[in-house]
Amino acid sequence: MQRGKAPVQHYQDGGQEMFKMLESETGDAISMKNRQRAGNGADECERQPQNEMAGHIVDQLRRAYDELLHEPVPDHLRQLLTQLSDAEDKS
Amino acid sequence: MSSQAVRQGLISFLPNLRAFAIALCGDADRADDLVQDTMLKAWNSLDTFQEGTNLRAWLFTILRNTYFSDCRRRRREVPDDDGEYVAQLCVPPSQHGAVDARDMLKALSMLTDDQREALILVGAEGFAYEEAAAICNCAVGTIKSRVNRARNRLSELLGIEAAQDFGPEPTTEAVLLRASGKAG
Numbered sequence: 001m002q003r004g005k006a007p008v009q010h011y012q013d014g015g016q017e018m019f020k021m022l023e024s025e026t027g028d029a030i031s032m033k034n035r036q037r038a039g040n041g042a043d044e045c046e047r048q049p050q051n052e053m054a055g056h057i058v059d060q061l062r063r064a065y066d067e068l069l070h071e072p073v074p075d076h077l078r079q080l081l082t083q084l085s086d087a088e089d090k091s
Numbered sequence: 001m002s003s004q005a006v007r008q009g010l011i012s013f014l015p016n017l018r019a020f021a022i023a024l025c026g027d028a029d030r031a032d033d034l035v036q037d038t039m040l041k042a043w044n045s046l047d048t049f050q051e052g053t054n055l056r057a058w059l060f061t062i063l064r065n066t067y068f069s070d071c072r073r074r075r076r077e078v079p080d081d082d083g084e085y086v087a088q089l090c091v092p093p094s095q096h097g098a099v100d101a102r103d104m105l106k107a108l109s110m111l112t113d114d115q116r117e118a119l120i121l122v123g124a125e126g127f128a129y130e131e132a133a134a135i136c137n138c139a140v141g142t143i144k145s146r147v148n149r150a151r152n153r154l155s156e157l158l159g160i161e162a163a164q165d166f167g168p169e170p171t172t173e174a175v176l177l178r179a180s181g182k183a184g
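For the protein sequence lines, the chains are A and B, in the order given. Residue numbers for the first sequence follow the numbering used here, so the first one is 1 and each next one is one higher. Residue numbers for the second sequence follow the numbering used here, so the first one is 1 and each next one is one higher.
Straight-line distance between alpha carbons at most 20 Å, and here's what the computed EDC-like set of lysine to aspartate or glutamate pairs gives:
{"#": "1", "chain 1": "B", "residue 1": "Lys41", "chain 2": "B", "residue 2": "Asp70"}
{"#": "2", "chain 1": "B", "residue 1": "Lys106", "chain 2": "A", "residue 2": "Glu67"}
{"#": "3", "chain 1": "B", "residue 1": "Lys106", "chain 2": "A", "residue 2": "Glu71"}
{"#": "4", "chain 1": "B", "residue 1": "Lys144", "chain 2": "B", "residue 2": "Glu131"}
These are computed hints drawn from the structure, not numbers from a lab. Quick caveat: nothing in here was measured; it's all calculated off a predicted structure.
Isolated chain B, as found in the complex (with noise of 0.2 Å):
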């Protein structure tokens, strides 16, 4: 693959690494610094990418192991054994309904790594389970069960019970039952 051809793909996978490095560590700049060393990393090995492979999961295995590697690199040197600063980042959505991108994000850094990263290559990037597995370097049964446990537990973060809570806020409900004679 030439050099030229590899640039390319990565200008037009650069919105999607940074997406991923953000919803993946929760911060911007700790995510660029992840994209620029994906960058680094998939420039000097491009001889290991084999042409006619799938690029952009190549490109996302390179920026989670990094990510990955850079945890454990972090954990050694800042430890949060108690998971306090974790906690303190959990805050139920701010609008009823609708979860903006800082809730989301909030309630993403909740969920395990594991879960976190194959909820976001499913469900938000649109990977393919069986990518997914080959990204994350584990059975596609691991995956399939990961993003069913994250779905649900980020659904408790989230406080959504049901499909309902996506209806009108609480207030409004009972209002609503009241006026139907629903509700004593």
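For reference, chain A alone in the conformation it holds in the complex (with noise of 0.2 Å):
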């Protein structure tokens, strides 16, 4: 299922494409440091909703997951317990 990508993927090599459009267009010269700011500001931009996806996808596993622990364990399994625990009893 393609869907259309967020804006903030235009800001994915950190804001250095915008600030060479800006310098080209305006010819003063931008310092290394207010780049580094911009570039960390869009990294955060980026990071934010990715950070949210990422807790979205771990909600949804753990909905899965919860499913399965919910789930009877079968007999067989529990009565398997009993008979190695009274064999030690035993012995």
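Join these two chains into a complex; the hints should help.
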């Protein structure tokens, strides 16, 4: 299922492409410090939805796993423990 | 540790061991066999269990080792080199925004073995990265990386590209967008 990418995809390069464009248009030199700040900001923008999505995936996984946890355990598995325990007591 | 205490421990962790086994192999019958083998091995190796350490982690270690031994044996018997069998299991979620257990199991089966076990141990069973690393006999960084890759791969397999995908299904979303004049 292919769907549209989130807008943050445009800043995957950490905002460097955006700064190149601004520099060529205005001719202003932008300090490396500012670039890094802006880059970090873009990373933050990107990280937030990624973290959010990772959280949703784990939530879905836990929900599905909970269903498995609540399935009844077959009797023969419980009985096996009793048999092992009894056998040990006898020996 | 007394046999009674171990028995109580085994009983209390049975649902977890079974859930882990099903999530690992994707088959309830095979999972029951795995749990049974695990219980027998645990019972027969009680003298190797160090009292005061984590019984749950010990049992999970036995189960995953049993599973991987079984996989190696099965690969020799029934090769699936092309991955055709696994590919058949890949089905997108039946209901948008909700992933049921079956969809999740199918998606999990598409992960690599090491990614799957890392994600289940940390994401579903709630083991700490350190505990999961000890169970899988690898470095903590390796587990972190596997969990991260597994999450990404899972979102790809389930067709989830963004958190918004857990919102309205595409048709509803399109209608809403059109109504608000954002789509042509």
